[in-house]
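Student: Protein chains in written order, with the numbering used here: chain A, 1 to 264; chain B, 1 to 266.
Treat the hints with care, since some could be wrong.
Said to hold, decoys possible - Label-pair distances were calculated between CB atoms; the ranges are:
1) B:Leu6 <-> A:Leu25: 35 to 41 Å
2) A:Ile73 <-> B:Gln77: 30 to 36 Å
3) B:Ser82 <-> A:Ser133: 54 to 60 Å
4) B:Ser92 <-> A:Val164: 51 to 57 Å
5) B:Leu74 <-> A:Thr212: 39 to 45 Å
6) A:Ile73 <-> B:Ala135: 30 to 36 Å
7) A:Leu88 <-> B:Pro258: 27 to 33 Å
8) B:Ser92 <-> A:Pro49: 41 to 47 Å
9) B:Arg108 <-> A:Thr68: 54 to 60 Å
10) B:Asp236 <-> A:Ser133: 51 to 57 Å
11) B:Leu70 <-> A:Thr212: 42 to 48 Å
12) A:Leu64 <-> B:Ile257: 24 to 30 Å
13) A:Val92 <-> B:Arg108: 41 to 47 Å
Think of the hints as simulated: they come from the structure by calculation, not from any bench. Cβ atoms here follow ideal geometry from the backbone N, Cα and C, with glycine treated the same way.
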Amino acid sequence: MTSVTRSSAHDHTPLVAARGVGLTLGGRQILHGVDLGVERGRIVTLIGPNGAGKTSLVRILLGLLPATEGEVIRTPGLKLGYMPQRVLVDEVLPITVGRFLTLGGRASRAHQREVLREVGVEHLLDQPIQSVSGGEMQRVLLARALMRRPDLLVLDEPAQGVDVAGQGEVFRLIARLRDRYGCGVLMVSHELHLVMEAADSVVCLNQHVCCTGRPEAVSRHPEYLKLFGDPAEARGLAIYTHAHDHHHDLHGCVIENESQEKTP
Amino acid sequence: MDDFILRALMGGIAVALVAGPLGSFVVWRRMAYFGDTLAHSALLGVALGFLLGISLNLTVIALCTALAVLLVLLQRQRRLASDTLLGILAHSTLSLGLVSVAFLEGVRIDLMGYLFGDILAVSQGDLLWIFGGGALALILLMILWRPLLAMTVHEDLARVEGVPVMWVSLGFMLLIALVIAVAMKVVGILLITSLMIIPAATARRLAATPEQMAIYAGVLGSLAVVGGVMGSLTWDTPTGPSIVVAAAALFAVIYLIPGRRFRRAG
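Sequences are here, hints too, so could you generate the full structure?
Tutor: This is the structure in structure tokens:
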């Protein structure tokens, strides 16, 4: 699959990086000690259970939410393309898909058409945004992020509202766009079974980074077998299964002395 | 045509041309009640102006802006629902205004004029203020247009794309305050929001782009002003409320025309 030997591969400075990032809101710890970096040309997928802090971490990396601990380092002048999980435009606002694309910055009609064609929804250009379906909306949002020629694409659940058959298509599209734009990609996904083929690296988050690695390199590592189960079986089940080498208490803190006995 | 009628029409149309586009944003951002609350506080601004002996327009703008900022801060607390907060502030500031006006000694205030407008008494000086303030508001709105529209569609997305959300929101509130001060004389503080919302809602049925909706709202508001002023002269009805009735009638007519619910582009 993807071996990152692009022209920009020598540059290993991450576009954006979290260093020991923690977040405490109202006395509740949501994230702690998170290290994460996304380099140009790489796709990093963030997975984790509900309430793991995936969205909070993404918001911190985007600069929408200040971290309470640690720091976020961004390449100066970094251009971000962001695709939020849900965008609902009220019927009362008359706006076409093409016009929606220009909200992030001026763009010619030809450019709007070109980017829509790239994500496969050129026919929507003059449609009211309220009339597009959930799956189409994901592509429109992707187009809006691409309009800015981003250095880093941040995608929150890009395959949401897309049927199973379409999901693989969405992830392949993202990989293609990464190749064409040479940008880094950080995505949050719960479509676990597609993570393996779409990502250069997977980060499993549950308030802290539980495990991380390049799928194809890690899959040959004995640690992987211990953590993620038999790869053949995982592929057969089409599920990204893994067992943690530790447990969490109700507050999400790692229970230190239990980890040995309960590890399978 | 008598001079006072001409002045009323000119002042009213100028207000409608600003209130329509701004009202479109109030409708898009679901801030109708927010605008209403700010307008209610304008009477307190009037009382303050008399008390300090400075321009009423200035104190109304200052007070409305201050209240807007206070509201935004209070809404962040999330202890009380937004509509509850607005309900508390709308009525307590209006009552506080009425009470303070009663305390003002030696000042005769035309309370009905402030509450329901006195467009037929618009003077040359008022007209100058309406034109100046209105033009300033339109220029500000044009500057804020794109970032404000982006924010209205999705705030986080706009922020990531570089919109200074806090400054644009503050600018928008200042705009609402300015328009309240400009429109006060025409329809009165109790009816100001209707001149923003009714024409904008009417325009929605006819518009296919945000800009069309804003422009149509201004035109429809102007029609309502002409209809209201003429109706009020013909049937000797209060002018401010007549304008609002005319706007509501236009709304009903346009939505009763059969056809697609909203116009589409292309």
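Student: A separate judgement is required for each hint: does it hold in the structure or not?
Tutor: For each hint, the structure was consulted:
About 60 Å separates the C-beta atoms of leucine 6 of chain B and leucine 25 of chain A, a value inconsistent with the hinted range of 35 to 41 Å. Checked against the given bound of 30 to 36 Å, the beta carbons of isoleucine 73 of chain A and glutamine 77 of chain B, roughly 33 Å apart, stay inside it. Between serine 82 of chain B and serine 133 of chain A the beta carbon distance is about 31 Å. The supplied range of 54 to 60 Å is therefore violated. The given range of 51 to 57 Å is respected by serine 92 of chain B and valine 164 of chain A, whose C-beta atoms sit roughly 55 Å from each other.
Separated by about 42 Å at the C-beta atoms, leucine 74 of chain B and threonine 212 of chain A satisfy the suggested range of 39 to 45 Å. A C-beta distance of roughly 46 Å is found between isoleucine 73 of chain A and alanine 135 of chain B, which places it outside the suggested range of 30 to 36 Å. In this structure the supplied range 27 to 33 Å holds for leucine 88 of chain A paired with proline 258 of chain B, their Cβ-Cβ distance being about 28 Å. With their beta carbons about 46 Å apart, serine 92 of chain B and proline 49 of chain A fall inside the hinted range of 41 to 47 Å.
The hinted window of 54 to 60 Å between arginine 108 of chain B and threonine 68 of chain A holds, with their beta carbons roughly 58 Å apart. Taken as a hint, the range 51 to 57 Å holds for the pair aspartate 236 of chain B and serine 133 of chain A, whose Cβ atoms sit roughly 56 Å apart. Checked against the given bound of 42 to 48 Å, the beta carbons of leucine 70 of chain B and threonine 212 of chain A, roughly 46 Å apart, stay inside it. Hint check: leucine 64 of chain A to isoleucine 257 of chain B, Cβ distance near 44 Å, so the stated range 24 to 30 Å is violated.
About 43 Å separates the C-beta atoms of valine 92 of chain A and arginine 108 of chain B, a value consistent with the hinted range of 41 to 47 Å.
Going down the numbered hints, you'll see the structure goes against 1, 3, 6, 12, while the others check out.
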